[in-house]
Amino acid sequence: MGACLALCSLASCASCLCGSAPCLLCGCCPSSNNSTVTRLVFSFFLLLGTLLSVIMILPGMETQLKKLPGLCQGGASIPGVQNHVDCDVIVGYKSVYRVCFAMACFFFLFSAIMIRVRTSKDPRAAIQNGFWFFKFLILIGIMVGAFFIPDGTFHTVWFYFGVVGSFIFILIQLILLIDFAHSWNQAWLSNAEEGNSKCWFAGLLTFTFLHYALAFAAVVLFYLYYTQPDDCTEHKVFISLNLIFSIIVSIVSILPKVQEAQPQSGLLQASLITLYTMYVTWSAMTNNPNRKCNPSLLSLVSNTTSNTEAPTPTPAPGQVQWWDAQGIVGLVIFLFCTLYASIRSSNNTQVNKLMQTEEGSGGSGGGEMGEDGVLRAVDNEEDGVTYSYSFFHFCLFLASLYIMMTLTNWYTPDTSTQAMLSMMPAVWVKISSSWLGLALYLWTLVAPLILTNRDFS
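For reference, each letter of the sequence shown is one residue, going -16 to -1, 1 to 441 in mature numbering (1 follows the signal peptide of the UniProt record, and there is no 0).
Incorrect hints may have been included.
[As the list claims (entries may be wrong)] Calculated pairs, SDA-like style, for lysine to any residue (alpha carbon to alpha carbon, straight line, at most 25 angstroms): (1) LYS241 / THR436; (2) LYS241 / ALA171; (3) LYS119 / LEU93; (4) LYS220 / TRP412; (5) LYS276 / THR396; (6) LYS220 / TYR209; (7) LYS276 / PRO409; (8) LYS182 / PRO240; (9) LYS119 / LEU319.
[What the hints assert, rightly or not] For each label pair, taking beta carbons as the anchor points, the in silico distance ranges come out as: (10) THR137 / CYS183: 54 to 62 angstroms; (11) PHE132 / VAL430: 47 to 55 angstroms; (12) ILE39 / PHE132: 18 to 26 angstroms; (13) LEU323 / ASN175: 19 to 27 angstroms; (14) PRO409 / ARG102: 37 to 45 angstroms.
For the record, the hints were derived by calculation from the structure and aren't laboratory data. We put the beta carbon where it would ideally sit given N, CA and C, even for glycine.
Just need the whole structure built from these sequences, with the hints factored in.
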């Protein structure tokens, strides 16, 4: 989408900012449906907020701001101008909390407004698919206002909102990964039936083996570096249980009765879920405040690449390093899931029900020429929306909270010391989400066998 936007002329884009989504992007990307373009633009808003949060938490940003004369309290002053800007608020974890708070409020507002929109003929659908300039101004206004919120207990309260929202979003990520794996498996099996089956089956086998190999390698590394013979009991339990649970769901996915009821299930999906579970396990262990059980990745690399035993400096208690390995991986998975949620058109009925969407329909994907000569995208929702507007915005609301927690490493704000501390509750939230996610995937496998009176086709 970024490439398409770059090709748009400034005049044509400016003329469409107050209009609908089809006008906004169709001149550059005409092979789009109205529903897809709208989701892409809202996702682009989220990515802009994420980029802003990343910039504000970069190391040295506060130092650079304080160099500007008259900007920060305590800095150089401009004669006749009284400065009121606290650079401690507009950078660091405080700025991340405020930017993500603004995005969460923005998407929650639209989630409430768009409840029970059935077709694009609903007057509220025009708000969903248009008025982009004004929506952008509203988002900016909320962000500016968020920086005037007094510190007080704001960060502590919003931290718990972030924990709960991120917990739910991790489950949504798992659902999207299940959907992606189902679509991937179904597409390659269809290609295998059409011709050159050996090639496609070899591809499925290769990726399945790769996922399991990475997951097994991760387990071995976890035992080596995140456990100690006389300590780290929690980590040993986490790794062992998730390994056992992953083996169980893998076996269940290929049982004859499950295959008969769910022909699309298989080891490809199970392997991807196993790999994701190991990522969540690793992410949880990196939040353990016990440094003996939680070595930094930098120290592990330095120990394996250098013969010297120079100790790796640990960050200060209030320092947040969003650029560590688990944070970067979390952002990559988030970007993939956000993009996939924006363009997905799934054929999996169960996942569609979970995600409040329908199978893609309407329109051939080509543009329609309007009376004004502007090429517009197809309105494929006149007979019914292809996704729940309200649920989509609720997912972006949760994604805003997840970004906040990811960029601050799930650290807990300490109002007394103005520092960020790593605490065990974040560990338990992530681990419990991995268990619930595995249980959810297991349920999708066995539900047709238990609820025989329902149609899961």
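Hints versus structure:
1. With a CA separation close to 12 angstroms, the supplied pair LYS241 and THR436 stays within the 25 angstroms bound.
2. Of the supplied pair hints, the one linking LYS241 and ALA171 holds, its CA atoms being roughly 23 angstroms apart against a limit of 25 angstroms.
3. For the given pair, LYS119 sits about 11 angstroms from LEU93 by alpha-carbon distance, which is consistent with the 25 angstroms threshold.
4. Simply put, LYS220 and TRP412 have alpha-carbon atoms about 14 angstroms apart, close enough for the 25 angstroms limit, and the pair holds.
5. At roughly 20 angstroms between alpha-carbon atoms, LYS276 and THR396 fall within 25 angstroms of each other, so this suggested pair holds.
6. Proximity of LYS220 to TYR209 is assessed by CA-CA distance (about 11 angstroms); at most 25 angstroms being required, the pair is judged to hold.
7. Taken as a hint, the LYS276 and PRO409 pair is honoured in the structure, with Cα atoms around 18 angstroms apart against an allowance of 25 angstroms.
8. Distance check on the hinted pair: LYS182 and PRO240 sit about 23 angstroms apart at the alpha-carbon level, within 25 angstroms; holds.
9. A threshold of 25 angstroms between alpha carbons decides the hint, and for LYS119 with LEU319 the separation of about 22 angstroms falls inside it, so the pair holds.
10. Hint check: THR137 to CYS183, Cβ distance near 60 angstroms, so the stated range 54 to 62 angstroms holds.
11. Taken as a hint, the range 47 to 55 angstroms holds for the pair PHE132 and VAL430, whose Cβ atoms sit roughly 52 angstroms apart.
12. Take ILE39 and PHE132: their Cβ atoms lie about 20 angstroms apart, and the range 18 to 26 angstroms holds.
13. Range check, LEU323 to ASN175: Cβ separation about 23 angstroms, and the 19 to 27 angstroms hint holds.
14. As the Cβ distance of PRO409 to ARG102 is approximately 41 angstroms, the hint placing it in 37 to 45 angstroms holds.
Going through the hint list in order, the structure satisfies each hint without exception.
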